[in-house]
Amino acid sequence: MPLLEIKNLHVKIDGKEILKSLDLTVNAGEVHAIMGPNGSGKSTLAYVLAGKAGYEPTSGEVKFDGKNIFDMTPDERAAAGLFLAFQYPLEIPGVATMTFLRTALNAQRKKRGEAELSTPEFIKRVREAAGKLNIDQDMLRRAVNVGFSGGEKKRNEILQMALLEPRLAVLDETDSGLDIDALKIVADGVNRLRALQRAFVVITHYQRLLSYIVPDIVHVLSGGRIVKTGGKELALELEARGYAEYQEEAVE
Amino acid sequence: MKTAAEAALAEAFAAARDRLPGDDAVAAQRDAAFGLFAKEGLPHRRVEEWKYTDLRALMREAKPLAPPPDAAAKARAKAAGALLGDVETRRLVFVDGAFVAELSDLAHLEEGLTVDSLADALSDNDPVLTRHLGKLAPANNVAVALNTALMGDGAVIRIAAGATIERPLHLLFVASAKPDASFVRSLVVVERGARAMVIESHEGPAGSDYQVNAALELFVGDEAHVDHVKIVGEGADALHVSTLAAAIGAHARFNAFSFIAGGAVVRNQLFLKFDGEGVVAGIRGATLLNGRQHADTTLVADHVAADCQSREVFKAVLDNEAHGVFQGRIIVRRHAQKTDAKMMTQALLLSERAEADNKPELEIFADDVQCGHGATSGAIDDELKFYLLARGIPAAEAEALLIQAFLGEAIEGIEHAGLREALLEAVAAWLKARK
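Going line by line, the protein sequences match chains A and B. Each step along the first sequence adds one to the number in this note's numbering, with nothing skipped, and position 34 is 34. Whatever position you read off the second sequence (first residue = 1), add 252 for this note's numbering.
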């Protein structure tokens with residue numbers, strides 16, 4: 001059974017159809033890249049999967065681990081193992097990063113019928129994961145993402161992913177706004193989590209990230225549907241030739 | 253044309269006038285104060301300062317003055333003050349407005365600390381009253397006038413120059429089940445360079461529509477460091493009007509915090525005067541209301557002297573049909589150059605039927621000052637909430653986290669760690685009860 005199965009998905013935002021008959025199948029262990037020009041529907045797909053209000057389908061189905069995700073609230077999807085790394089992580093003044101991480105982790109464990117982590121065990125896990133991502137103690141003491149640089153916010157997303165250990169991680173333009181050093185740290189963080197039971201959907205506009213997170217399958221999303229699927233070499237082709245030919249196809 | 257409540261107050265004063273404590277000078281003070289009430293009546297919405305809290309409409313009747321508490325009332329009061337949890341305080345307990353020595357902690361007073369009841373001080377013609385009583389509370393405020401006319405008891409606290417009182421002083425006002433009225437007046441005089449914290453808490457049972465009018469005059473000497481915390485945890489049907497009037501001396505540090513979660517109708521007044529240069533003050537508050545609760549915080553921060561810094565942060569969380577009011581006025585007098593005053597008031601509306609009224613005002617007569625104010629009101633941010641949901645945090649818990657964060661900005665300003673924790677706990681308990 002595939003981990004994620006999207007069939008004939010149509011999504012309208014404010015009356016405008018953004019996703020038009022999108023099909024995608026992701027198996028455990030795979031890394032998929034979704035590339036496409038601006039406005040092709042990449043972020044919409046990410047939000048539909050995570051369950052953001054206003055991003056509901058008009059038709060089609062999405063199954064996560066065999067279950068219809070539209071029957072699940074966003075927090076239920078997260079507890080079932082779906083993770084979205086936000087393109088623009090939000091700042092939450094007044095909520096300490098540690099409180100946030102702990103509340104999220106324990107809420108998920110509770111929903112899965114697992115015991116809450118003890119404080120020392122939790123702190124140990126955070127320290128370990130943070131250390132690998134060059135996140136210092138001072139960042140962890142601050143409110144969530146408040147006063148963080150763009151790169152720090154993205155690293156914080158990867159830290160959350162590392163702690164929550166999702167089964168499917170959707171990375172929405174995690175490379176945007178990162179310099180090359182930050183990009184490597186983020187990519188290493190993702191690569192460490194690659195595993196047989198886990199899959200990734202890496203959404204990006206540029207090929208650059210894919211030199212560090214090497215995908216198994218590359219899709220081109222244009223005009224709200226997947227117009228081409230290939231191996232990792234497709235990303236290089238796109239880098240060289242641009243999206244022009246696919247945008248042609250998308251014009252109705 | 254008098255309302256029933258106004259007529260009842262006049263009768264109560266006439267009946268009590270001759271047995272209320274104090275000498276002729278105090279009696280004259282009472283008469284003058286009642287005279288103002290007789291002339292003005294209960295304040296109503298056409299009186300600007302009371303525009304959002306129409307006491308004439310909200311106070312349908314005036315309750316009789318509470319008799320001295322009986323043994324049962326005193327016994328019940330033993331359980332009071334739970335909100336403060338483990339915070340080590342020196343308790344001074346008042347039941348239905350009367351000081352109860354046997355419930356209070358008067359043993360081993362720190363050096364430099366003197367504690368009396370107002371009733372005793374009035375009966376003894378204590379000279380501290382002549383010098384201080386009625387000197388700070390604005391005489392033209394009708395709530396204050398009623399308090400002055402009918403004050404029966406309260407605390408009189410003196411802290412000698414240079415003394416450090418480690419244990420916070422806790423004035424614990426408890427209402428018994430009887431629907432009576434109490435008028436308490438306290439006086440706190442902190443001399444030069446002394447350090448103290450005064451907590452004033454008010455609580456009582458739900459189901460009794462008792463009335464409380466409390467006033468506290470606070471003198472903060474030069475270079476003193478004083479924290480005042482008021483906790484309004486009155487029963488759900490109570491009417492609570494209270495006033496803090498403070499004068500702060502040169503180079504003093506002063507913090508005031510108001511935590512309002514109880515009562516049907518609450519009017520919380522703060523009249524603060526920065527009398528000496530170089531004061532650093534933090535004036536904050538958190539209000540949590542649900543049902544049809546109404547709470548009004550009215551603040552006047554009067555910068556008289558130069559070089560004072562004040563920060564005002566007031567937050568309100570309003571659910572159901574609750575009504576939150578904040579009126580904040582910063583006055584900068586002609587000689588108060590280099591004043592640095594910033595006021596922020598924010599309301600978080602958890603229901604479409606809740607109402608927040610924010611009225612910030614600046615009156616500036618000096619030309620070299622930094623002053624500002626801001627006011628916001630709105631619902632919980634959906635984007636922030638979605639971020640928490642997407643991490644697996646259920647909706648109710650996500651909202652609670654965001655509400656705690658919203659109030660946190662005000663509560664974090666409390667320097668006493670134990671008290672800060674106790675109030676954060678109280679917020680958590682309020683959120684839990686909401687679900």
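A portion of the hints provided could be inaccurate.
Sample of chain B residues at the chain A side, in silico, Cβ under 7 Å [stated by the list, open to error]:
#: 1; residue: Leu-636
#: 2; residue: Tyr-639
#: 3; residue: Glu-661
Just so you know, the hints here were simulated from the structure itself, not pulled from any lab data. In this text, a Cβ means the ideal position worked out from N, Cα and C, and glycines have one as well.
Verification of the supplied hints:
At its closest, the beta carbon of Leu-636 (chain B) sits 6 Å from a beta carbon of chain A; the interface hint therefore holds under the 7 Å criterion. Taking 7 Å as the C-beta contact cut-off toward chain A, the hint placing Tyr-639 (chain B) at the interface holds, the least distance being around 5 Å. Interface restraint check for Glu-661 (chain B): the shortest CB-CB distance to chain A comes to about 6 Å, inside 7 Å, so the restraint holds.
Comparing the model with each numbered hint stated earlier shows that all of them hold.
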